[in-house]
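One letter stands for each residue in the lines below.
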Amino acid sequence: MTQANTTVTPEQQLDLYRFMLLDRIVEDTMTKLFRQNKIVGGLYSSLGQEAISVGTTYALEKRDWIAPMIRNIGGLLVKGVRPRDIFTQHMARFTSPTQGKDGTSHFGDLKNLHIVSPISMLGDLIPVMTGVAMAGRYLGQNIVALTWIGDGGTSTGAFHEGLNLAAQQRASLVLVIENNQWAYSTPVGRQVPIKHLADRAKAYGVRAFITDGNDVEAVFSTAREAVRLCRAGEGPIVIEAKTMRMRGHAQHDAAEYVPKGMFDHWKRRDPIETYERKLADAGVLTEKKKRQIFEGINAVIEEDRAFAENSPFPQPELAEGPIYHEGPLPIEPLWNRPVAEVTPPRSSVKPEWRVSGNGDFQMDAIEGVHNEQDQGSSRLGAAVPQPSPAGNSGRSGSKGNGAGRSPSKRVTKPARGRK
Amino acid sequence: MPQVTLLEAVRQALFEEMERDPAVVCIGEDIGVYGGAFKVTAGLLERFGWERVIDTPISETAIIGAACGMSYLGLRPVCELQFVDFIACCFNQLTNFVAKSFYLWGAPVPMVVRAPSGGGVHGGPFHSQNPEMYFAHTPGLKVVYPSTPYDAKGLMKSAIRDNNPVLFFEHKALYRRIKDDIPEGDYSVPLGKAAVRREGRHLTIATYAAMTHASMEAAAELAKEGIEAEVLDLRTIQPLDTDAILNSVKKTNRLLIVHEDTRFGGVAGEISAVVFEKAFDDLDAPVRRVTALDTPVPYSPPLEERFLPQMHDIVNAARDLARY
Numbered sequence: 001m002t003q004a005n006t007t008v009t010p011e012q013q014l015d016l017y018r019f020m021l022l023d024r025i026v027e028d029t030m031t032k033l034f035r036q037n038k039i040v041g042g043l044y045s046s047l048g049q050e051a052i053s054v055g056t057t058y059a060l061e062k063r064d065w066i067a068p069m070i071r072n073i074g075g076l077l078v079k080g081v082r083p084r085d086i087f088t089q090h091m092a093r094f095t096s097p098t099q100g101k102d103g104t105s106h107f108g109d110l111k112n113l114h115i116v117s118p119i120s121m122l123g124d125l126i127p128v129m130t131g132v133a134m135a136g137r138y139l140g141q142n143i144v145a146l147t148w149i150g151d152g153g154t155s156t157g158a159f160h161e162g163l164n165l166a167a168q169q170r171a172s173l174v175l176v177i178e179n180n181q182w183a184y185s186t187p188v189g190r191q192v193p194i195k196h197l198a199d200r201a202k203a204y205g206v207r208a209f210i211t212d213g214n215d216v217e218a219v220f221s222t223a224r225e226a227v228r229l230c231r232a233g234e235g236p237i238v239i240e241a242k243t244m245r246m247r248g249h250a251q252h253d254a255a256e257y258v259p260k261g262m263f264d265h266w267k268r269r270d271p272i273e274t275y276e277r278k279l280a281d282a283g284v285l286t287e288k289k290k291r292q293i294f295e296g297i298n299a300v301i302e303e304d305r306a307f308a309e310n311s312p313f314p315q316p317e318l319a320e321g322p323i324y325h326e327g328p329l330p331i332e333p334l335w336n337r338p339v340a341e342v343t344p345p346r347s348s349v350k351p352e353w354r355v356s357g358n359g360d361f362q363m364d365a366i367e368g369v370h371n372e373q374d375q376g377s378s379r380l381g382a383a384v385p386q387p388s389p390a391g392n393s394g395r396s397g398s399k400g401n402g403a404g405r406s407p408s409k410r411v412t413k414p415a416r417g418r419k
Numbered sequence: 001m002p003q004v005t006l007l008e009a010v011r012q013a014l015f016e017e018m019e020r021d022p023a024v025v026c027i028g029e030d031i032g033v034y035g036g037a038f039k040v041t042a043g044l045l046e047r048f049g050w051e052r053v054i055d056t057p058i059s060e061t062a063i064i065g066a067a068c069g070m071s072y073l074g075l076r077p078v079c080e081l082q083f084v085d086f087i088a089c090c091f092n093q094l095t096n097f098v099a100k101s102f103y104l105w106g107a108p109v110p111m112v113v114r115a116p117s118g119g120g121v122h123g124g125p126f127h128s129q130n131p132e133m134y135f136a137h138t139p140g141l142k143v144v145y146p147s148t149p150y151d152a153k154g155l156m157k158s159a160i161r162d163n164n165p166v167l168f169f170e171h172k173a174l175y176r177r178i179k180d181d182i183p184e185g186d187y188s189v190p191l192g193k194a195a196v197r198r199e200g201r202h203l204t205i206a207t208y209a210a211m212t213h214a215s216m217e218a219a220a221e222l223a224k225e226g227i228e229a230e231v232l233d234l235r236t237i238q239p240l241d242t243d244a245i246l247n248s249v250k251k252t253n254r255l256l257i258v259h260e261d262t263r264f265g266g267v268a269g270e271i272s273a274v275v276f277e278k279a280f281d282d283l284d285a286p287v288r289r290v291t292a293l294d295t296p297v298p299y300s301p302p303l304e305e306r307f308l309p310q311m312h313d314i315v316n317a318a319r320d321l322a323r324y
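Going down the list, the protein sequences come from chains R and D. Heads up, the first sequence is in my numbering, so the first residue is 1 and it goes up one at a time. Heads up, the second sequence is in my numbering, so the first residue is 1 and it goes up one at a time.
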């Protein structure tokens, strides 16, 4: 792998700072609303984790897709969601994206922003976003799908099924593991017997990076490299971002199970305060600029909070549905490759049983076990032939993606530490 | 018109829809080179290539999830589960993600999940089940369960063209047992419409899938005794064609419901409730049910035979009902 691009322009720096600040102020505002009993359900905080949502989403282009989890408000904001949508969602108003049918960050936008709504069951977004990436490749869109999972969510079956399918399909999926060290009350050491959750990727022959989740430029640079690799057909990529959940699981949880010293330690590493100092020292963030950013954010927040508070609840009849979609789809397939490539001329439907590239005889499937034992067990997985649809059809838009590439190169790459 | 099996009818529907619409792709386990456990997808790979006939690892959750994601970009994936029993492995992805997507955030999921189902072939407890009611009970899903090759092809085309998630049950005992005349060229059978298989005036037998054939045999037996049973094939469980059921009951005034699914919480209970609510005054007798036992599907042939509703069970229940 070539050295990742770590250059961040002053303009990008100010963007990253502004989005993190916006995220925090949006969530601070919701904490106030929660205490005023204006939030209908639970409220989950991404305090201290803003750099991850913001830094990863900032590495994407408009055509790319994200699927947020509960602590990824920052990603939604970077993608273009307005704070008013986040307020109205939490306040269950008719003006919210789901018209009050669901709350929190559970909403999406297929057509414009390319956001897939999450559900509460952890890990389910990983196969779904793998499918988004697969469809993107099939349609020739060269898009990247990005989603997040917590340290706790990496133990679900959907995580493993999804990541394995993504690997088998060479899907352009960026999977960001936000290791905030706590799954509700259970510390990561009591969830898994491994130090780095990025190591889970090795089992699937997937390249993984580890990054400092409280350093927004490190997160952004890592994500940018992951996106570049995915776009080049080198996906999927796992990023483990190490951070700390600075609140309880939700507002009701005082997190008394967390050692106080741990909060103190991570408070000193606050992603926004440290970045503010860095940009101020570099002369990028002047006092005047800082004031401008604050004022700009506060104006939007005031307006959107008022909008949300003045919004009506939905009419009860809305509960009745519809449950099925009638009429045309919101998005028709957008073909960025010749459709002729996937539509053969009409002919006989006679079954054929032999297809080239399926299960080619490989001597090292067994011999490899003996030869490679010293180098760890990962070679075992690498010896399995991986017929990639793109690789075997010979019609793929993304070159270097498929059977021609040696899978073993992937798995012997160590996770790259940034600390 | 050529005579084809139900299996071939489904295969033709897949072929023709894939030829018609490049947005249609198939995804599942062993559906490519092997052509699927029952050979329903045989020849698709050779015809349409790896990009449209996608072999997956043994990961039902990943299959359903990926198909859902593909549908968000406008594709129309058709998933194959090797046996419908394995739908339990992706229950969450189907009932929480796929089924709720449109209602909650307005994202339709135009995908089909097709799977061999049902008993009578001594497949044992994990290859013989009829889990349709878990999904008929889940708002947002459609559930189709054809009994004839003609319907299987026409309903599959409707399912693929539908903009909602459709579970498509293919009774494996019917795969090769029955043949139908199927017209050449394109036709479809609408979802949510039942079909009267046999007209009658003494009682209605509402049923679906393999039990349609058992009910038809029973009706022939009953006719020898002068009892004319009307056989109504539901074809789709969700949405349920309640109009067709009510119309038939208004004509015959007696209702027997037959299904291969277990009794408690089966669709017979739901149909009974609808008829009591909407056509109580038309009934001359209590609604009767013939169903499987409330047990797992046992393996040994005498046990499975006892478990499954038999033709003579239907005849006996219908005779009692007609004489009530």
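Fair warning: there could be bad hints in the mix.
[To be verified] DSBU-like mimics (lysine-lysine), calculated; alpha carbons at most 35 angstroms apart, straight line:
no. : chain 1 : residue 1 : chain 2 : residue 2
1   : D       : Lys278    : D       : Lys39
2   : D       : Lys157    : D       : Lys193
3   : R       : Lys267    : R       : Lys38
4   : R       : Lys290    : R       : Lys278
5   : D       : Lys224    : D       : Lys278
6   : R       : Lys62     : R       : Lys32
7   : R       : Lys111    : D       : Lys193
8   : R       : Lys267    : R       : Lys288
9   : D       : Lys251    : D       : Lys224
10  : D       : Lys251    : R       : Lys101
11  : R       : Lys101    : D       : Lys39
12  : R       : Lys38     : R       : Lys195
13  : R       : Lys101    : D       : Lys193
14  : D       : Lys278    : R       : Lys111
15  : D       : Lys157    : D       : Lys278
Hint data in this document are derived by calculation from the structure and do not stem from the laboratory. Everything numeric in this text was worked out from a predicted model, so none of it was measured.
May I ask which of the numbered hints given earlier this structure violates, with the numbers listed in increasing order? 1, 10, 11, 12, 14
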